[in-house]
Structure formats: C-alpha cells, structure tokens
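**Student:** Sequence lines, in order, name chains X and G.
So for the first sequence, the working numbering puts the first residue at 30; every next one is plus one.
So for the second sequence, the working numbering puts the first residue at 30; every next one is plus one.
For the record, the hints were derived by calculation from the structure and aren't laboratory data.
It is possible that some hints are incorrect.
Distance ranges between label pairs, derived from CB positions [what the hints assert, rightly or not]: (1) ASN58(X) x GLY127(G): 11 to 21 Å; (2) THR144(G) x GLY138(X): 11 to 21 Å; (3) THR87(G) x PRO46(X): 35 to 45 Å; (4) THR111(G) x SER112(X): 29 to 39 Å.
Since the structure is predicted, the reported quantities are computational estimates derived from the model, not experimental observations.
Cβ coordinates follow ideal geometry from the N, Cα and C atoms, glycine included.
Protein chains: 2
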Amino acid sequence: MTTSAPSGTEFAATPIPYSAEELAAITYNSDGLVGAIVQDVTDGAVLMFAWMNAESLTKTLKSGRTWFWSRSRQEYWCKGETSGDRQYVRSVRYDCDGDCLLVIVDQEGAGACHTGSRTCFYRAFGGESESAESTGP
Amino acid sequence: MTTSAPSGTEFAATPIPYSAEELAAITYNSDGLVGAIVQDVTDGAVLMFAWMNAESLTKTLKSGRTWFWSRSRQEYWCKGETSGDRQYVRSVRYDCDGDCLLVIVDQEGAGACHTGSRTCFYRAFGGESESAESTGP
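Throw the hints in and build the complete structure from the sequences for me.
**Tutor:** Put into structure tokens, the structure is as follows:
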C-alpha cells in the first residue's frame, strides 16, 4: 500500500475489508444518508464533508476510492473522476452512534475543493487565512 | 491564549471574533442545523461530529466553548458541562458551501466521547484498533 507518497507519485486504490456486522453498525438519516468527513492521511487536515448512502459506502470500501451521493444531482459521484483530484482510501472509521463516517485518504492532485483549495475549509471566523490559528479578539 | 497544554493544565476560554458577513455565509438545513466537525488542535485528531443551529454557533463564538443543539433532546448543550470533558475553541472554519463547520479545540479531560474514548471514531471497517491504519484485505 502506498501512503504519504511524494507529489506526482501514483497512488494505488486498495479495497478496505469489512464485515456485515460493521455495515450494520451504520445508521442512516431519513434520506438514507450518512455524513462522511474526509481527512488527509499525511497530516490530518480535514479536506471536505459530503454524504454517502449505503450503496456509495460499499462502493467506497470495495473500490478504495471515495464514492458519494449528490443530493442536488441525485446521483453517485466518484471524487476526482472529472477533476483528477482523486482520493485513495486508507481507512474508514465510524463514530459511537454509527451516524458519521471518517474517511482517511491519500489526496491526489491539487486538493479536495472544487475552488482549487486543498481543503474546503479555507475560511475561518475572524478572517483568518488558510492555516492560521485564531488569535482571539 | 493557551494551546497544547499538558494534561492537568487549565485551559482558557477565548471568544472567537466574527462578522455579520461571516455569519451570513453559513447555510442551515431544513431543520435549521449545520454539521460541526470537532478537531483537536494538538494533533489534528477528529474527535466528534455534532449539530449546531444559528444560536449555538454564536454561543460557541462568544463563549469560546462548544455549544451544540441536541436533536433528540431538543435543547442546547455545552460540551463537557456535565462530564468535565470541556472543549476550548481555538478556531471555527467553514467549508466552500457554508454548510459544514470545522471547530478546532483544546480538549480537556479524557476525551470527547461519552464512551470514555478520546474520539468518537474509535471503530474502523476491517476491525482496526483505535489508531491503526488499514492494512488492506
């Protein structure tokens, strides 16, 4: 398995093993969706948040690539299939209530955000820049 | 401001500055809620995911402590007020769509999860232990 590869290195998609018992631990909301936080394996940066349904979760586990459900387009989307900014899954965790996923990935390309930023969370209250910490009032 | 304090150190609650323009960038779902990812400032660990409404977001910014909205109890809750596992906010970020928050905190006490784990995401597909990476099938 390839992790923390230097820029330009090709990542390998590696299926994540799972059991029926683990799948049964996930609870979906009234729209059949569960939230998925995507985190970079190399430094822990939170890259994005999107939604999965049961089918996109199993597609993610089987393919080792992130598959989400688009609520606006009502269709599956595989991250980076258009932009090239693919995500290679290294681990899928789930929380105590089973109603949120934490997907840990190798992020290919410029980043996760459609704006071109590495992370979708590029803005902060108090007008901070991308990686600065709050300095208080 | 106190960050990365050793265990046992008392943290300070520090208000986060914000503008009306920043507040207006946040979009809420049909229940008036926005998802909030909570991340540890010391090492980037994702600790938990919970929901805020507009009022709990401003309470969080003004107080420098995390305030959420409980969907099951239909009430505000300040993290750690009962357990002592308080969260001291260092930064509040928001994503490109404005529909997800990333709250970066100093976590006091044993951790964020009501089970006693440091993080709510203590389980992984493939039966991994808390901090192990997936080793593939």
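**Student:** Where does the structure disagree with the numbered hints, that is, which hint numbers, in rising order?
**Tutor:** When the structure is compared with the hints, numbers 2, 4 turn out to be violated.
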